[in-house]
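Peer 1: Chain by chain, the residues:
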Amino acid sequence: MINFLMKYKVVAQTIFVMLLFGLIFSAFLSFFYEKTNPIILKSEAEAKERLLLQVITKDLYDNDLSKDFIEILPNPYLKNKLSTKAYLAKKSNEVQAVILETRAPDGYSGDIYLLVGINRQGEIIGSRVIKHQETPGLGDYIDIRKGKWIEIFKEASLKIYSEKDWGVIKDNGKFDYVAGATITPRAVIKAIHNALIYFEYNKQEFGIDV
Amino acid sequence: MFKKALTEGLWKQNAGVVQLLGLCPTLAVTTTVVNGVSLGIATMIVMILSNGAISPIRKFVPDEVRVPIFILVIAGLVTAIDLSVHAFAEPLYRALGIFIPLIVTNCIVLARVESFASKNPTLPSIYDGFFMGLGLCIVLAILGGMREFLGRGTLFSDLDLIFGKSFENFGIQFFDNYEGFLLAVLPPGAFLGLALLIAITNWINQKN
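Protein chains in written order, with the numbering used here: chain L, 498 to 707; chain X, 111 to 318.
Keep in mind the hints are simulated off the structure, nothing from the lab. Note that CB positions come from ideal geometry on N, CA and C, so glycine has one too. Treat the hints with caution; some may be incorrect.
Residues from chain L shown here face chain X by an in silico Cβ test under 8 Å; the list is partial [as the list claims (entries may be wrong)]:
no.: 1; residue: Val507
no.: 2; residue: Gln510
no.: 3; residue: Val514
no.: 4; residue: Leu516
no.: 5; residue: Phe518
no.: 6; residue: Gly519
no.: 7; residue: Leu526
no.: 8; residue: Thr533
no.: 9; residue: Ile536
no.: 10; residue: Gly634
no.: 11; residue: Trp646
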């Protein structure tokens with residue numbers, strides 16, 4: 498009996514100590530979270546704007562980009578799994594450009610996420626790969642930090658390139674690529690082409706008159 | 111006491127090349143000096159704080175549940191650091207990604223708490239955490255330097271991840287049009303580089 502009680506005491510003690518530590522640290526963490534959360538939200542918003550500024554120039558808009566957007570439901574052009582945002586760049590309340598987020602599902606390794614900025618005339622003003630897992634040193638030249646390749650889409654539009662032009666040179670398309678990695682640029686070209694098609698079909702929704 | 115912690119942490123019991131604890135981040139994030147050092151510093155801070163926090167309370171922690179409590183303390187501290195990095199160095203948070211939260215599972219942190227801080231007074235424990243962390247940080251820096259130099263032909267690139275835009279061009283570019291040496295950047299480069307460092311350490315130790 499005494500043995501049992503002794504054992505019981507140890508159990509109660511350990512439970513108490515663990516509980517105490519749990520409480521202390523949850524209090525500490527919730528305090529810390531409360532303190533850092535506003536700063537985190539702010540720095541994330543800044544990061545978002547830095548990202549958007551890569552595909553659009555400051556002189557094209559005077560509105561708050563991060564707050565002026567419309568939701569886009571999943572569709573076969575942008576291949577978004579969840580609804581994404583199309584940011585509207587407005588000047589004197591008139592839409593000057595639209596920034597679309599699109600996904601290329603057929604890269605070499607995993608999904609490639611892109612931002613594509615398209616102006617009123619349906620020309621690309623900027624494009625960036627924002628997330629990818631392509632092989633370092635081979636397919637990762639699509640990333641602006643590794644190469645300037647992604648800038649070949651500047652000023653591309655459905656008007657100057659026909660359906661079959663949207664491919665790498667090897668596939669009789671018009672776009673250059675780096676030998677040794679063709680799957681990656683193929684996927685990117687296709688995604689950007691699809692983004693332009695989506696833009697063309699949904700112009701009115703973005704507030705651009707046809 | 112101070113001197114012992116210094117020689118143990120930096121050389122005799124070095125976490126990276128002697129104890130071989132915490133290999134996961136050692137191998138994974140050391141693609142550049144900046145990545146390696148950033149994670150090294152984060153680990154060092156966690157080690158100082160966890161050693162410093164656990165040593166004073168070591169007498170109140172029942173032996174049976176000491177490991178869960180140590181992990182609880184470490185996880186709390188790591189989460190706090192994760193939140194701080196996210197708040198104050200967003201780009202760095204992106205670069206290191208999952209490896210900051212993973213410091214919790216880094217054996218070296220728990221190992222020092224368990225084998226040192228739970229048996230020693232506070233001040234020596236803090237020294238121990240500092241020098242053990244510094245030892246690991248130096249290994250991460252050297253390995254990151256080797257891989258960055260061979261793989262990308264640069265050193266100290268991406269410094270703007272930590273200090274902001276003004277440091278963007280601080281990195282040293284050694285060659286023009288360097289093609290890059292892919293093996294050094296990919297995981298095998300980490301294993302080969304670490305093996306080389308361990309070999310050098312053992313060679314020096316044998317010579318003495």
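Peer 1: Could you run down the list of hints and mark each one as holding or not?
Peer 2: Structure-based check of each hint:
no.: 1; hint: Val507; result: holds, 7 Å
no.: 2; hint: Gln510; result: holds, 6 Å
no.: 3; hint: Val514; result: holds, 6 Å
no.: 4; hint: Leu516; result: violated, 11 Å
no.: 5; hint: Phe518; result: holds, 5 Å
no.: 6; hint: Gly519; result: holds, 7 Å
no.: 7; hint: Leu526; result: holds, 6 Å
no.: 8; hint: Thr533; result: holds, 4 Å
no.: 9; hint: Ile536; result: holds, 4 Å
no.: 10; hint: Gly634; result: holds, 4 Å
no.: 11; hint: Trp646; result: violated, 15 Å
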